[in-house]
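Novice: Residue strings, one per chain:
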Amino acid sequence: MPDPPRITLLVDGVEVEAPHGAMLVDAAKHGDVEIPVFCYEPKLGHPVGACRMCVVEIEGIPKLQTACSTPVRDGMVVYTQTERVKEAQSAVVEFLLVNHPLDCPVCDKGGECPLQDVAMGWGPGRSRSVDPKRHFQKPIPLSPLIKIDRERCILCYRCVRFSQEVAEDEQLQLLERGSSTFVGTFDNRPYIAPFHGNIIELCPVGALTSDAYRFRARPWDIEDAGTVCTLCPSQCNIKLTVRDERIERVLARDNVDVDDGWLCDKGRFGYQMAESGQRITEPLIRAGGELRPAGWAEALEAAAAGLREAGERTAAIVGGSSSNEDGYLAQRIVRKALGSPHVESRPSGGPGVESRRTGGRGPAGFLRQGLVELSAPRLAASVSDLDRAESILVLGTDPLHSMPILDLRIRKAVRLRGARLAVATDRPSVLDGGAEETARYAPGFVGGFVSALAAELGAAGYERARGELGADAERIAGALKPGSTVIVWAGPDARGLVGCARALRLEEDGAGLIEVPEGANGRGLREVGCLPVAGPGLSDVEQGLDASGIRDALEAGSLEAALLVNADPIRDFAGGPAWGEALGKAKLVLAVSMFEDASTRQADVVFPAESYAEKEGTVTHPDGRLQRLRPGTPHPGGVRPMWEVLAELGALLGEETGVESAPDALAAIASEVPFYAGISHEEIGGTGIRWQERAAARYWPRVDDVGARDEVPGREVEPAGRTAPEPGDTGGRAEDVDGVIRVGTYRDLWAAEVTDRSPALRFLAPRQALELAPRDAARLGLGSGHEVEVRSNGTSVRARVSIHERVKPGSGFLIEGLGDRAASLRGELVEISKAGEPE
Amino acid sequence: MNNSADSSSEAEVSSEFPYLEDESVVAVQRGPEPGGLGGAYRAFGETLRGLKTTFARIVEGPVTIQYPEEKTPVYPRFRGRHKLHRFEDTGLEKCVGCSLCAAACPADCIRVVAAENDPEDRVSAGERYAEIYEINLARCIFCGYCEVACPFDAITMGHEYEIADYNRDDLIFTKEMLLAEPLERTPLRREGE
Amino acid sequence: MSAEERRRLIEAMRPEDAEPVPQLHQVDVPDELRERIEAAMAKYPQVRSAALPALWAVQRHYGWCTPEGMREAAAVMGVTPAYLESLATFYDLFRTSPVARHQVLVCHNISCWLRGADDLIGALCEAAGIDAHEADHGGANSPDGEVFVKGFECMGACDLAPMASIDERYYGPLDTDDARAAVEQLRAGSEVLPGKALAERPAAGGPEPDPDPRVKEVESGDA
Amino acid sequence: MPETRMLYRRVDEPGLASIETYRRRGGYRSLTRTVKEIEPEELLTTLQDSGLRGRGGAGFSMGKKASFLPRGDTDKFLCCNADESEPGAFKDRELMQKNPHQLIEGVAIAAIAAGAGWAFIFIRGEYAEVADILEGAVAEAYGAGFLGADILGSGQRVELVVHRGAGAYICGEETALLDSLEGKRGNPRLKPPFPAIQGLYGGPTLINNVETLSNVPHIVANGADWFKGFGTEQSPGTKVVSVSGCVQRPGNYEIELGIPSRELIYGLAGGPPEGREVKAWFPGGSSAPVLTAAELDLPYSFEALADAGSMLGSGSIIVADDQVSIPALALRTARFYHHESCGKCTPCREGTNWTVKMLERVLSREATPMDLDIIASVQDNIIGHCLCVLGDSMAMPVSSMVKKFRPEFEEYIRRVASDSPGLGSDGAAGLHALTGTSSLAPASGPHA
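Residue numbers (this note's numbering), protein chains in the order written: chain A, 1 to 839; chain B, 840 to 1032; chain C, 1033 to 1255; chain D, 1256 to 1703.
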């Protein structure tokens, strides 16, 4: 997008150059003039001009104007220091303080409080008010995470506007009127929503305080450490508040190209996991059935010995929170030192594993080719492209759960610009409300839907589907055309997406694809070689087994050693508990983990893992932005940097990496990943850099190099042996079969280790629930809260019924990542039987 | 500045020091002629004045203070070891753990960790109290800024100066030590002393 | 609130206690209420405009804006109950606490006050057994649950001063005898203050004056 | 001087609220002509030429406002502001109650002139019985084909919805009215953008008062020049003035602007009760700075009242006689605005709150002379600094009362020293506080 033209205005007699259309408050900053504000916060959308703090005098306008809502024009003459302005501003401060308790010494905001700053800078210095102040009950919990002190509130409405216009949950509202107005919720219920922690940071006074941070530190006691949150693929930029070498709080570090300055509650409160007293802080070796502490040398030697013995019968699973460096070194050990091709980083593996019944695995060749095509730089959309796209398609994922910050970004595009949103998912998405069109396909049938969509969009080689599927695809296609489109998608099954991309001309500016990977650093790990089908830089390598292949091979004994780097497959991977059995059979399990979990219980050697707050390295955002992780706190106990440990392990196994520092590790990656060539920590800097925007992006592998076949895409990608849904088959016929529904799964935002390990978040830990359409629930004689058993092919999961209106009849949904076998049921037709009455 | 004022001030200067610019001038002050009483005074006057002080002190007796048996008295505003205070009526601690003293401290010797009061069992009057309040007296420079910064007069500088110890760790005074009623061992100087 | 109470409150907070948009199957909306709200939603170009009519419907149905009623309306409209509560507490005519059967709103604004509104409130409260100060500052119910009296800001009937709105009908000018009579009549369920109703009041200027010659022209037609 | 009844013509005729009577009296002929004979542009020109000024308070030219709406196919809206809530104003209530069809016809014509397919009458919730009458009339008009998708077969579309407010003075502010109509809390919006460009649902919106729109059928029927034959050059037409307070015949009087104010208060409304004198009067509702008895001879017109430092506003006179305590009156006024402040902007929310507290202290005799200066200074700090005019609406009359009746305020404060208890600490004390009678005891004279 071209930058807006710059104009010149006169602020207090000084010429100031500013972008045309900027608000006066922002424009004045270009001339180093600060205009005080309370209610103005550009992140919240349109200014409301409510606090009246920012009034200024503008030549030619008799009344004072609010600078927060006045766009600058060329030649505007503005005065911010006249007597009139000063009087008005000091009057506003005086008015605000009439009811403000001035309990700064006990207030958490003291020292970093905009009201303090403005009162000092622009206030009258003393109050003339002697009347009693407004009283409310002192801090009461607004939610388990936030306390509200209404006496301190200056009614700037930022929090309420956040709830209404950013998160759009509308739970937080203004109640009563006039000077009795207060911020509250319906019927004094708690305000619990995935992003609500942001209101703490938005509050310009100490009215909203974090329960976890309350009274922990003062601004002058702390140090800030900027890094990146690796709890999900959003990779939001954060600032750790560190006191006495402990993280006390996490704040957003605005990066408009990544997070727009927002954080989800997982990112905001999940730091407690790093500070948990339960962490493993030294290497452990299993002896006599028990894990016992050991020195690093001993542990490394034990690990090396075991791996040496297993040799090429070793597999590595690299978890999503690993940095690029961890992933690169792990795959290098397995591939080069041990000669094994089995490296995997995707919990769901390749296409096809989503259902045992609907088909087998696809050929690896497609996978690599599909990756190369779909991740190509020309098709890549950046997060900021969502701010420009005329239409947005959300396909196969609910960003709230998979990449929360995108949810806010998409809402913003719809609300502020009227972007057309289309949602095509199996499970109802929270974005449905703002969508122009929504389509529901049966769980596991995304491929059929995408092919039908490609046909409707006019892609060559796809046949239009009939019936409901065709009609759905037509509606979605209608919402996307014309104009630039960004497709946010997820899922292992990308058939047809290439066709959609071509038909929608996604290679053009402001359009493109954003794939939401399953792991936080899914894209980075893939690009540094943590895939069974591709090496670093998506290079052609000997084909290895994918996740479920590895599990089967471990179980069958054809693989003997497993290297689990920041991965707990028992909890996180499809198959779940089946991994426990598989790992139990392995001769050596080397786990790198922060905590003792289901997988470390099967481990022979455990290396303590770093938390993201201690890590140094890089990660790659789903849109290709490389970002730096910078250590904010020292490593606890005997924890060591993982790149160092892996480099030493490699050396013990005869693979000299020459990596002696984190920059070395990045240099090693850059030397092997052609499209990262030459990248360094300095170049990545504080806000990251998209590799697609660097010259080296031209080294992205060409599609022909990976052996594209001549057939039309719609056919070529058809996985062998798979019974693809016939055109016209909605896949949703299951409701006709009595008592049987097709199950889909989703990874709930809170179904994660961080929820269990952070005391503040623990109350959010989900319980397994089977979401059903009201019609199916009635047909099955089930009500909300009933305990049921969900069964298929000998796999069974217990769940509580939860009825949702927008679930497509015939579908049901379970949560993945709770350590049960729910993920194995994905795409299955299941039987449901009642196991208990509601509590 | 206007010219007339300029010239008049110049004129004043020149009348007082007529040789200011042109010549170096050595001024010699002559005393009375030597000899006689004047001469004797000039020779011994200062000595006698000195001896007067000496004899006066002899009469006064010894001024040595037998420290540590005796203490040096201090002025009322002497800044000695800190004290934390409680409200006399309720017994609650005045300190609310706001850390302003720590912020003001140039030696960085105060550490405050705050916590939330339980309204049923209060430590301080407000919502917040100091769970940990430590002053590292080995680092303290006794500047008194903490006292000035305190919004609740919870910390004041006392008169005690006998803080020496054998172990640096023992010089970190905890909240309990600072709150304890100190033994008033330091005498105050009286008015005019 | 003690720390212990607060801790218990926090522990009792479950994610499912938050109140997002309720789903229709979670609430039991009376048919009549649902029809009224849906009719209002159909009347406007945008659904949210029906928020005030929906709250009016809830108030008519339950007597006041009950939390359950607001949840039901929210489910029908597809908004959060908090959104409706925010409105209900903003507007003076919505009651968010239980209210007696008959509502008497007495104007205590300038014109009515100049003509004795305070006495009127006093007399009404005395007759109904309500504390006058309480009635004037937020409203109060009579102990028998029959009459709710509230001092209200200007209701646009200064010509009737001092006046009161009794069950949404205006009456005035009222003296203290009228006040006592009105409370009796409300309790008895009989017609309230016959002859004092707004509907029966002619224009202040008295009988129609001779038409201005210039105006006459307009009035010449027929249907 | 007699009234000049145009809008109030035959106002007490039985059945005027029904469509039959209204049509028998010539009603809906203007609308019929509008849809059949007149082009919208011509209609706009007529309205503009008539010089009709808005009757809601601001007095802006109605035709000009309508002409600001952009042409073209965007969805446009017309809102009739029937949220008459200003203390002292009750003219719209009587117009709607007794002659609803006159308004409906005016709304329909104005909607067609502005190109608005949707029209809303935002009527305050307290006017429930009037709203019932209005809704009945709207149903009749739909039935007779004067409203709906195809008015009288002309293809013109005007949908009219009667929207009931729920008790919030601020909804009379045009942008707050729009927010309320959109189903939100009635908070005023930041201007610009003005409603004519971006109003209801983001579309161009014309907002007019009931009385303004009721004039429209008469103008269309008789032409702009005829209309200009009434009233003054600057504001032609008649004006309904609501007179209330300490007068013998409170009510609505339709007059031509420019007549002496004394004529209105003493002539038409009968003046204060026997033996009393006018002490202070609000010439334009409670938000107008008060005038004194010395200013009774001012002509009742926009210009003359503005020159005297007050305003005509919506044309509502409230009279206070010589028995009234001005500080108590100031408190009543301030309390009203404090109660009605929406709370969005700081000076209004906190300023009204603080003013009330200070005036309560004056009345409970806990104030000091410095408080009077603070009261005056706080009013200055409010005026011109708020998001909408509500803050000013309190600050101006309170400020004028403190200025014009300062000795009376000072007397309360002086009594602090001599301390005469018995008036209670409740600030409500004392309509007749100075005369020594308690507010709850029956006051002597015709007030009771």
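Do not rely on the hints blindly, as some may be mistaken.
Derived lysine-lysine pairs resembling DSSO-like cross-links, with alpha carbons at most 30 Å apart [unchecked claim]:
1) K1446(D) <-> K1319(D)
2) K1659(D) <-> K1075(C)
3) K1439(D) <-> K1483(D)
4) K133(A) <-> K1612(D)
5) K1319(D) <-> K63(A)
6) K133(A) <-> K1658(D)
7) K1612(D) <-> K1659(D)
8) K922(B) <-> K933(B)
9) K1658(D) <-> K63(A)
10) K1483(D) <-> K1075(C)
11) K1291(D) <-> K63(A)
12) K29(A) <-> K1659(D)
13) K585(A) <-> K336(A)
14) K1439(D) <-> K63(A)
15) K133(A) <-> K933(B)
16) K86(A) <-> K1612(D)
17) K86(A) <-> K1483(D)
18) K1075(C) <-> K585(A)
19) K1612(D) <-> K138(A)
20) K138(A) <-> K910(B)
21) K43(A) <-> K1446(D)
22) K1446(D) <-> K412(A)
23) K138(A) <-> K891(B)
24) K43(A) <-> K239(A)
25) K1612(D) <-> K412(A)
26) K1446(D) <-> K1075(C)
27) K587(A) <-> K336(A)
28) K1291(D) <-> K43(A)
29) K1446(D) <-> K86(A)
30) K133(A) <-> K1483(D)
31) K63(A) <-> K1612(D)
32) K1291(D) <-> K1439(D)
33) K1483(D) <-> K63(A)
34) K1319(D) <-> K1291(D)
35) K138(A) <-> K1658(D)
36) K1319(D) <-> K86(A)
Here are the in silico distance ranges between beta carbons for each label pair [said to hold, decoys possible]:
37) V987(B) <-> Q137(A): 55 to 63 Å
38) G785(A) <-> H1169(C): 27 to 35 Å
39) Q137(A) <-> I904(B): 34 to 42 Å
Note that these hints are calculated values from the structure, not bench results. In this text the structure is predicted, and so the values were computed from the model without any measurement. We put the CB at the ideal spot given by N, CA and C, even for glycine.
Novice: Work down the list of hints and note, for each, if the structure agrees.
Specialist: Hint by hint, here is what the structure shows:
Of the pairs offered as hints, the one joining K1446(D) and K1319(D) holds, with about 18 Å between alpha carbons and a cut-off of 30 Å not exceeded. The suggested pairing of K1659(D) with K1075(C) is violated, with an alpha-carbon distance near 51 Å, which exceeds 30 Å. Proposed proximity of K1439(D) and K1483(D) is contradicted: the alpha carbons are some 40 Å apart, above 30 Å. Restraint check: the Cα-Cα separation between K133(A) and K1612(D) comes to about 10 Å, which is no more than 30 Å; the hinted pair holds.
For the suggested pair K1319(D) and K63(A), the alpha carbons sit about 23 Å apart, so the restraint of at most 30 Å is met. Simply put, K133(A) and K1658(D) have alpha-carbon atoms about 27 Å apart, close enough for the 30 Å limit, and the pair holds. Straight-line distance between C-alpha atoms of K1612(D) and K1659(D) comes to about 21 Å, which keeps the hinted pair within the 30 Å bound. Restraint check for K922(B) and K933(B): satisfied, since their Cα atoms lie roughly 11 Å apart, inside the 30 Å limit.
Of the pairs offered as hints, the one joining K1658(D) and K63(A) holds, with about 23 Å between alpha carbons and a cut-off of 30 Å not exceeded. Only pairs whose Cα atoms come within 30 Å are accepted, and K1483(D) paired with K1075(C) is rejected, the gap being roughly 38 Å. The hinted pair formed by K1291(D) and K63(A) fails the criterion: a straight-line CA distance of about 45 Å is larger than 30 Å. About 45 Å separates the Cα atoms of K29(A) and K1659(D), which puts this hinted pair outside 30 Å; it is violated.
A hinted pair counts as satisfied when its Cα atoms are at most 30 Å apart, and K585(A) with K336(A) qualifies at roughly 25 Å. For the hint pairing K1439(D) with K63(A), the CA-to-CA distance comes to about 28 Å; that is within 30 Å, so the pair holds. Pair hint K133(A) plus K933(B) holds up; C-alpha atoms about 23 Å apart against a cutoff of 30 Å. Taken as a hint, the K86(A) and K1612(D) pair is honoured in the structure, with Cα atoms around 25 Å apart against an allowance of 30 Å.
With a C-alpha separation of about 47 Å, the suggested pair K86(A) and K1483(D) falls outside the 30 Å cut-off, and the hint is violated. A hinted pair counts as satisfied when its Cα atoms are at most 30 Å apart, and K1075(C) with K585(A) does not qualify at roughly 68 Å. With a C-alpha separation of about 23 Å, the suggested pair K1612(D) and K138(A) falls inside the 30 Å cut-off, and the hint holds. For the suggested pair K138(A) and K910(B), the alpha carbons sit about 50 Å apart, so the restraint of at most 30 Å is broken.
For the proposed pair K43(A) and K1446(D), the alpha carbon gap of about 21 Å is at most 30 Å, so the pair holds. For the suggested pair K1446(D) and K412(A), the alpha carbons sit about 23 Å apart, so the restraint of at most 30 Å is met. Using a Cα cut-off of 30 Å, the hinted pair K138(A) and K891(B) is violated, with the two alpha carbons roughly 73 Å apart. A threshold of 30 Å between alpha carbons decides the hint, and for K43(A) with K239(A) the separation of about 18 Å falls inside it, so the pair holds.
Using a Cα cut-off of 30 Å, the hinted pair K1612(D) and K412(A) is violated, with the two alpha carbons roughly 43 Å apart. A hinted pair counts as satisfied when its Cα atoms are at most 30 Å apart, and K1446(D) with K1075(C) qualifies at roughly 28 Å. For a cut-off of 30 Å, the pair hint linking K587(A) to K336(A) stands: about 21 Å separates their Cα positions. The hinted pair formed by K1291(D) and K43(A) fails the criterion: a straight-line CA distance of about 51 Å is larger than 30 Å.
Between K1446(D) and K86(A) the alpha-carbon distance is near 23 Å, which keeps this suggested pair within the 30 Å criterion. Simply put, K133(A) and K1483(D) have alpha-carbon atoms about 55 Å apart, too far for the 30 Å limit, and the pair is violated. Taking the CA atoms of K63(A) and K1612(D), the gap is about 28 Å. The hint holds against a cut of 30 Å. At most 30 Å may separate the alpha-carbon atoms for a hinted pair to count; K1291(D) and K1439(D) exceed this at roughly 38 Å.
Using a Cα cut-off of 30 Å, the hinted pair K1483(D) and K63(A) is violated, with the two alpha carbons roughly 33 Å apart. About 23 Å separates the Cα atoms of K1319(D) and K1291(D), which keeps this hinted pair within 30 Å; it holds. Between K138(A) and K1658(D) the CA atoms are separated by roughly 40 Å; this puts the pair beyond 30 Å, and the hint is violated. Distance hint between K1319(D) and K86(A) is unfulfilled; the C-alpha atoms sit about 37 Å from each other, more than 30 Å.
Separation of V987(B) from Q137(A) is about 34 Å and departs from the stated range, judged on CB atoms against 55 to 63 Å. The given range of 27 to 35 Å is broken by G785(A) and H1169(C), whose C-beta atoms sit roughly 44 Å from each other. The beta-carbon spacing between Q137(A) and I904(B), approximately 59 Å, falls outside the hinted interval of 34 to 42 Å.
Checked against the numbered hints above, the structure violates hints 2, 3, 10, 11, 12, 17, 18, 20, 23, 25, 28, 30, 32, 33, 35, 36, 37, 38 and 39; every other hint is satisfied.
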